[in-house]
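Asker: Residue numbers (my numbering), protein chains in the order written: chain A, 1 to 564; chain B, 1 to 435; chain C, 1 to 530.
Each hint should be verified, as a subset may be incorrect.
No more than 25 Å apart at the CA atoms, straight line, and that leaves these computed lysine to any residue pairs for SDA-like [claimed, not checked]:
id	chain 1	residue 1	chain 2	residue 2
1	B	63	A	485
2	A	380	C	476
3	B	162	A	46
4	B	380	A	191
5	A	53	B	69
6	C	227	C	347
7	A	326	C	188
8	C	465	B	341
9	B	162	A	191
10	A	213	B	26
11	A	361	C	232
12	B	29	A	207
13	C	227	B	255
14	B	326	C	476
15	B	343	C	476
16	A	207	B	103
17	A	527	A	492
18	A	187	A	205
19	B	254	C	374
20	A	369	B	309
21	A	369	C	517
22	A	187	B	380
23	A	305	B	26
24	C	468	B	341
25	A	91	A	480
26	B	29	A	480
27	B	103	A	49
28	A	414	A	444
29	C	196	A	394
30	B	343	C	347
31	A	527	B	58
32	C	465	B	181
33	B	326	C	469
34	A	91	B	308
35	B	326	C	447
No lab work stands behind these hints: they were computed from the structure.
One letter stands for each residue in the lines below.
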Amino acid sequence: MEVPRIGVFVCHCGINIGGVVNVPEVVKYAMTLPNVVYSEDNLYTCSSEGLSKIKEGIEKHNINRVVVASCTPRTHEPLFRATCEEAGLNKYLFEMANIREHCSWSHMDEPYKATEKAKDIVRMAVVKARLLEPQEEPEIEVVPSTLVIGSGISGMTAALSLADQGFQVYLVEKEPELGGTVRHLHKLYPTMVEASEGLNKLVNAVKLNKNIKVLSSTVVTQVKGFIGKFDVSVQKGNSDTANFRVGTIIVATGADVFQPVGMYGYKEYDNVITQFELEQLLKGGQLEKTERIVMIQCIGAREEKGRTYCSRICCMTALKNALLIKDLHPETDVYILFRDLQTYGKEYEEWHRMAQDRGVKFIKYVQEKPPQVVAGPDRKLTVDVYHALLGEQVRVESDLIVLSTPLVQHEDAKELSQMLKVPLGLDGFFFEAHVKLRPIDFATDGIYVCGTAHSPKDAAESVTQALGVASRAAIPMAIRHLRTEAITAIVDESLCSGCGTCVKICPYSAIEKDEKGVARVTAVVCKGCGMCGASCPEKAISMRHFTDEQVVAQALAALGRPVT
Amino acid sequence: MKANNSILVIGGGIAGMQASLDLASRGLKVFLVERSPSIGGRMSQLDKTFPTMDCSICILAPKMIDCLRNPNITLLTYSEVQEVSGSAGNFIVKVLKKPRFIKEERCTGCGVCAQHCPVEVASEFDMGIGIRRAIYVPLPQAVPLKYTIDEEHCLKCGLCQKMCGTEAVDFDQKPETIILNVGAILVATGFELFDARTKSEYGYGRFQNVLISLEFERLLSASGPTGGHLLRLSDGRIPRRIAFIQCVGSRSLKGGLSFCSSACCMYATKEAILIREHEPECEVYIFYNDLKVFGKGYQDFVTRAQSHWGVNYVRALPGEVMEDSKTGDVTLWYEDTEENMTKSIKVDIVVLCPALIPRATNKELGTILGLELDEYGFFKPKDYLFAPVDTNVPGVFICGYCQSPKDIPESVAQASAAAARAAEVIALLVYKGAY
Amino acid sequence: METEPKIVAFLCNWCSYAGADLAGTSRISYPPNVRPIRVMCSGRVDPAFVISALETGADGVLVTGCHPGDCHYVSGNLKAESRMKTTRELLALLGLGPERLRLEWVSTSEGARFAQVVTDFTDDLRKTEPNPLRAGSNTRASVTMKDVVFDGLRNTNVQYCLECGKCSGSCPISKVNDSYSPRRTVERFLLGFRGKVLSSTDLWNCLTCFTCTERCPSDVRYPDFIKICRSVASKEVMEELCAHKGITMALSRIMTNPGLRQQRMEWLPEGAKISQKGKLLYFVGCLPYFDVVFEDFKLDLLKIPQNVVKVLNKIGIKPVVLSNEKCCGHDLLWTGDQENFERLAKMNLAEIKKAKATQVVTACPECYRTLKKDYPELIGSQGFEVLHISELLCGLMDRGKIEYNSNLHRKVVYQDPCRLGRHMGVYEPPRKVIADIPGIDLVEMGRNRENAVCCGVNAWLSCNKYSKAVQIDRLMEAKATGADLLVTACPKCQIHWKCVTSEKLPVDPKEVTMEMRDLTVLVAEAMCLT
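Produce the entire structure from the sequences given, and follow the hints as far as they go.
Answerer: What follows is the structure in structure tokens.
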């Protein structure tokens with residue numbers, strides 16, 4: 001390694017720093033530090049003038065490591081790094097000392113102490129700069145094709161959008177038919193289009209699209225690789241296998257409907273059915289005329305333990321079906337027993353009003369006092385419920401009881417999640433990279449999720465998420481190359497004992513054990529968080545640009561210990 | 001016809017930024033037009049976000065910086081779209097860049113000017129409960145970090161000009177008209193708040209200790225007028241009891257709008273938890289009608305608020321709020337519908353959660369773009385189910401709250417959806433041999 | 001039809017009942033037209049009994065008691081004397097004739113006297129016309145539950161109720177009676193428990209003040225819902241609850257009889273100029289009756305119509321005042337007597353048409369609402385404009401027609417009447433009128449305009465501890481403004497408040513007692529007309 005020649009540029013930032021910290025003093029101090037060959041102050045280092053002075057300084061004084069003491073790296077680090085690059089230095093040979101947000105702005109009443117602190121901060125940056133090494137950002141090629149797992153409304157929408165953007169799509173579906181759950185639905189709210197009508201349009205478009213290869217009755221058996229180069233193996237039936245390579249993967253596997261066996265007489269009495277089964281009856285025109293129907297919401301959902309979540313779509317489905325029943329048999333009395341009516345969004349509250357208009361009766365019950373269903377003579381069922389808003393027990397005799405149950409994750413999702421190395425959340429649904437700002441990405445680069453595989457939602461919301469993943473997946477595939485992080489983990493194989501701690505702890509599944517049993521980091525997937533480095537008992541794995549040595553040196557420098 | 005691979009995004013909130021970044025990351029050029037001096041939108045005004053309790057600006061600022069630094073994104077802040085002509089693949093857009101009276105290339109965001117400005121103005125970013133100067137940035141993490149002079153309140157005293165170290169102040173700056181040629185347009189104009197003064201029974205606008213949610217959020221925020229200290233604005237006292245009233249102007253067949261704003265139950269829960277974190281001795285009551293817990297992680301969030309944080313949920317919408325003019329304390333009258341009793345409760349602060357409504361300016365924008373709006377002012381999707389981000393104008397797409405009420409994750413996903421559609425339009429024209 | 005007069009007699013137990021017995025034991029004959037009812041004291045006889053008897057078709061009512069000084073209960077008979085005097089005034093107003101009520105003193109030993117009294121009364125009644133109310137056609141018809149009524153309920157929006165409870169949280173009664181809940185009533189109704197709703201006292205406790213509707217997000221018109229339910233509910237519960245034994249309602253019902261010619265113009269001030277036909281008609285309302293019924297309150301209610309006429313005359317307007325103006329029917333409509341309301345309405349409309357009036361002005365918000373809103377809705381549009389006196393005065397003020405001759409130096413607080421305010425949206429004209437008067441400092445209560453609190457009683461129902469609590473709270477609020485004069489635009493508000501402050505109060509009377517004045521009387525004072 002070359003001898004470090006460090007240049008320190010201290011910024012006044014107008015009076016933001018200079019008005020509190022004695023900048024000339026800091027400049028003088030910097031010159032006393034080992035390996036610092038040059039130091040100067042600037043009024044505004046980030047200005048074009050300041051940037052030229054950095055370049056000048058690098059050239060004139062043969063500087064090979066740069067420290068800028070100014071504001072937070074969160075604003076101008078990329079700018080200064082780029083400036084170093086322009087002056088011929090590797091951009092990772094640059095370090096910032098934050099003496100504004102972390103110093104002058106926070107200690108405006110104590111200029112002496114602020115100046116002392118600024119000197120410490122500069123010393124810490126210099127100490128790290130001394131240990132910096134040039135880094136490279138590896139590039140990977142991205143194959144412009146995608147695997148969509150699941151051909152429901154989400155999978156097909158994502159497939160079509162990506163195909164229309166010019167990418168090759170492999171659409172894998174485990175059933176013989178395309179369409180997923182929507183095949184079994186009657187009408188879709190809020191437009192009340194026939195589910196089959198809307199779905200058929202999608203299926204036809206998918207089948208006609210030259211960029212989409214449909215693989216029905218097929219399951220994914222293995223996925224290896226990383227973003228840009230996923231090697232996928234699929235199997236049809238017992239023996240028919242195929243392999244192909246894709247750049248991205250989209251999980252659109254949908255969800256199942258919870259069967260409330262043993263609850264409220266389900267499967268015990270034939271006139272207790274689920275909302276999904278009611279949907280089938282309505283679809284097939286098989287709903288008999290009855291005197292009274294009682295729908296009970298939140299069956300097996302919003303529980304204290306287990307399925308604690310709200311399944312989002314049941315209230316609207318109940319309202320929709322209640323209105324359809326009223327259309328068919330206007331004299332039928334319909335009751336909806338609910339806990340909190342989930343009529344969110346722009347249109348859904350109007351459906352509630354429509355139902356009120358048609359005389360649907362709403363009774364609120366509370367979790368602590370759930371309704372009871374008791375069978376009586378000639379197939380009459382009595383629902384006994386504590387009306388929470390009247391404070392009275394209400395007894396309703398019913399011919400048909402409809403239980404609204406939640407969507408739940410498929411049984412075989414665990415297998416898929418392990419195959420792809422993507423996590424499932426506590427609720428069983430696939431768990432995204434960040435709940436707020438990356439809802440349809442997985443933490444693992446190149447894999448995305450949409451539709452009810454992510455969480456319960458209706459058709460409109462599934463379509464939106466599906467289009468969303470089409471944009472997310474298109475990004476790497478459109479630019480064909482990905483420059484990945486330079487700040488990645490690096491393994492010293494001689495020290496690695498193969499304990500596997502880092503493999504388990506990596507949130508991006510970027511580490512695996514190679515043939516020798518030693519940890520190997522896939523740099524393109526590694527995000528540089530450093531969790532592996534912190535957990536390795538052998539000090540075998542470390543982070544580029546944030547080595548143990550560099551970090552410890554800064555800590556010691558902070559305390560004023562002399563550093564060799 | 002030559003296809004254009006640039007896209008115009010109108011609105012610099014989280015949806016507009018997400019769409020811009022998606023498009024820019026895949027090599028398309030984006031013009032991001034934002035009416036206010038900084039991008040960031042509503043999310044930048046929040047303290048924390050539900051249900052993760054992330055610091056909002058902390059997770060947002062990197063995205064804002066990304067928009068600034070991405071070479072494919074051109075930020076046009078403090079600007080408005082004036083005219084649009086043409087069609088998908090080839091829109092001609094006239095953008096008015098309002099004068100900041102600051103030379104942007106000279107301004108370093110140091111803030112010396114504002115320190116000397118004698119004029120105090122109610123800060124829009126702080127929803128009127130905080131102060132800014134006539135020369136200002138709306139928030140400390142503004143992107144771009146360039147000051148703006150508010151022409152209406154500026155006294156032209158020239159102090160800022162005198163103090164500026166880079167001679168960035170330019171009182172002669174004129175509005176600029178920029179002509180853009182884009183292939184597709186995305187609209188992401190977000191929301192504003194229903195005027196809670198019309199609910200005179202709640203006393204907002206008359207009683208000092210009745211606030212609306214976004215004002216309260218600013219009160220809780222570290223960058224807000226009290227530095228994040230939970231205090232009453234009337235007397236600076238630490239509150240001992242705070243009540244939230246949901247559905248103010250929502251789910252109404254009269255005196256409001258009929259839809260549910262979909263985020264208020266959750267953000268009230270969030271603010272309630274923040275109160276309990278700041279002041280463990282402060283009781284919190286949320287008065288609600290139907291608790292909207294339909295989103296991912298919502299129910300668990302509410303359960304935690306109740307069991308761990310001790311937030312009280314009362315199923316009632318209060319009838320009225322009365323003020324003790326001597327102390328500023330406010331009393332709510334309500335029927336506890338689960339206990340079947342009419343009661344009153346005295347609290348230190350009442351926070352109203354007003355309906356979140358489409359911006360009034362959507363109408364004008366709709367006219368400029370030829371877009372259909374529904375009766376509330378939301379832009380109408382072409383088909384709510386199968387074409388949720390398309391509109392009646394090919395090549396123009398919508399996303400975020402301006403399409404329908406939704407939370408941040410849904411806005412982000414829908415922004416990507418609109419980006420996908422915009423990209424499809426561009427790609428389609430490419431395949432038609434336009435390139 | 002029988003032409004023999006029917007007499008109902010109230011005999012006091014101690015003297016006159018014994019006297020009547022003596023007539024019998026002495027075998028003294030007298031006409032058999034009398035039907036005796038024993039009461040312990042003549043002081044027991046409530047004017048409502050007399051009215052009730054007459055309403056049901058009695059031609060005459062006889063009340064007998066001990067001679068003054070001999071009353072078994074010391075002074076009961078003297079009470080009877082003043083009450084019967086009042087009642088006779090009512091009968092005179094109604095046109096039924098004061099002579100139908102006779103009060104006589106009969107002692108235990110005066111058997112012959114009793115017989116003579118009855119004979120004289122019977123003879124006199126034979127010479128007068130039979131009671132026009134004999135036909136009994138004006139008594140309430142019992143309405144059966146019809147589904148067509150429930151269709152009308154859809155217009156009240158009850159089906160849209162969200163159960164949010166905002167109504168109960170706004171209701172002044174709910175605040176003092178924590179189990180009174182408009183919301184629960186609606187929910188029970190929607191679930192089909194109609195019987196429960198119709199038989200409950202809650203049905204009659206509603207003030208119909210519209211505060212709930214004002215704030216309801218689903219625009220449920222709860223008072224309209226109550227009104228329709230009342231029209232099909234059994235009236236037994238109501239009769240238990242009605243204050244003053246429903247005498248005012250009885251008076252209104254009696255007025256539906258076309259055979260009666262009221263004598264109701266006595267209040268006109270000297271020199272008043274009125275006409276039979278004209279553009280502007282002044283609709284007086286029931287003030288002449290209230291003045292008699294509530295004379296103990298010394299509210300001087302007749303000052304209101306007197307000053308209306310004085311002010312109008314001063315401006316040069318000669319209003320039409322109907323000599324046979326009937327009750328507008330407001331209280332009957334709101335207590336579910338749709339049939340008699342329609343009768344009254346049709347009669348009033350005929351009279352107004354006959355007078356060729358194009359503008360009807362009234363100083364009573366209940367008449368205002370009823371004439372302006374209910375008549376056109378239930379009977380049909382009639383081609384005349386209806387104004388509250390404050391609206392008329394505003395118009396005249398704008399044209400510079402009002403001249404004030406004195407500076408009043410009062411600090412005034414104004415109460416928005418429910419019928420003028422929330423019902424009809426008239427908030428500013430009364431304020432404009434008051435503020436325009438020289439020397440007036442107009443202050444506001446915290447709860448004003450659409451948030452104003454009802455005076456606590458509607459249609460004489462539920463004058464109970466809850467309504468008292470509401471009234472006391474409101475008066476304290478008025479007092480707390482520092483005003484020295486409480487101005488109302490509704491005579492009923494004045495009556496109800498005077499009533500509560502005349503009673504034994506749970507608070508210091510100083511906290512609730514305020515000088516009250518009607519709006520028009522205040523204007524007249526400032527014009528030096530009073």
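Asker: Compare the structure with each hint and give your call.
Answerer: So, going through the hints one by one against the coordinates:
no. : hint          : result
1   : B:63 x A:485  : holds, 18 Å
2   : A:380 x C:476 : violated, 59 Å
3   : B:162 x A:46  : holds, 22 Å
4   : B:380 x A:191 : holds, 13 Å
5   : A:53 x B:69   : holds, 22 Å
6   : C:227 x C:347 : holds, 22 Å
7   : A:326 x C:188 : holds, 22 Å
8   : C:465 x B:341 : holds, 18 Å
9   : B:162 x A:191 : violated, 62 Å
10  : A:213 x B:26  : holds, 24 Å
11  : A:361 x C:232 : holds, 23 Å
12  : B:29 x A:207  : violated, 33 Å
13  : C:227 x B:255 : holds, 24 Å
14  : B:326 x C:476 : holds, 16 Å
15  : B:343 x C:476 : holds, 20 Å
16  : A:207 x B:103 : violated, 56 Å
17  : A:527 x A:492 : holds, 18 Å
18  : A:187 x A:205 : holds, 20 Å
19  : B:254 x C:374 : holds, 22 Å
20  : A:369 x B:309 : holds, 24 Å
21  : A:369 x C:517 : violated, 56 Å
22  : A:187 x B:380 : holds, 21 Å
23  : A:305 x B:26  : violated, 43 Å
24  : C:468 x B:341 : holds, 20 Å
25  : A:91 x A:480  : holds, 24 Å
26  : B:29 x A:480  : holds, 17 Å
27  : B:103 x A:49  : holds, 16 Å
28  : A:414 x A:444 : holds, 16 Å
29  : C:196 x A:394 : holds, 14 Å
30  : B:343 x C:347 : violated, 47 Å
31  : A:527 x B:58  : holds, 19 Å
32  : C:465 x B:181 : violated, 75 Å
33  : B:326 x C:469 : holds, 24 Å
34  : A:91 x B:308  : violated, 48 Å
35  : B:326 x C:447 : holds, 16 Å
Of the numbered hints given earlier, the model fails hints 2, 9, 12, 16, 21, 23, 30, 32, 34; all others are met.
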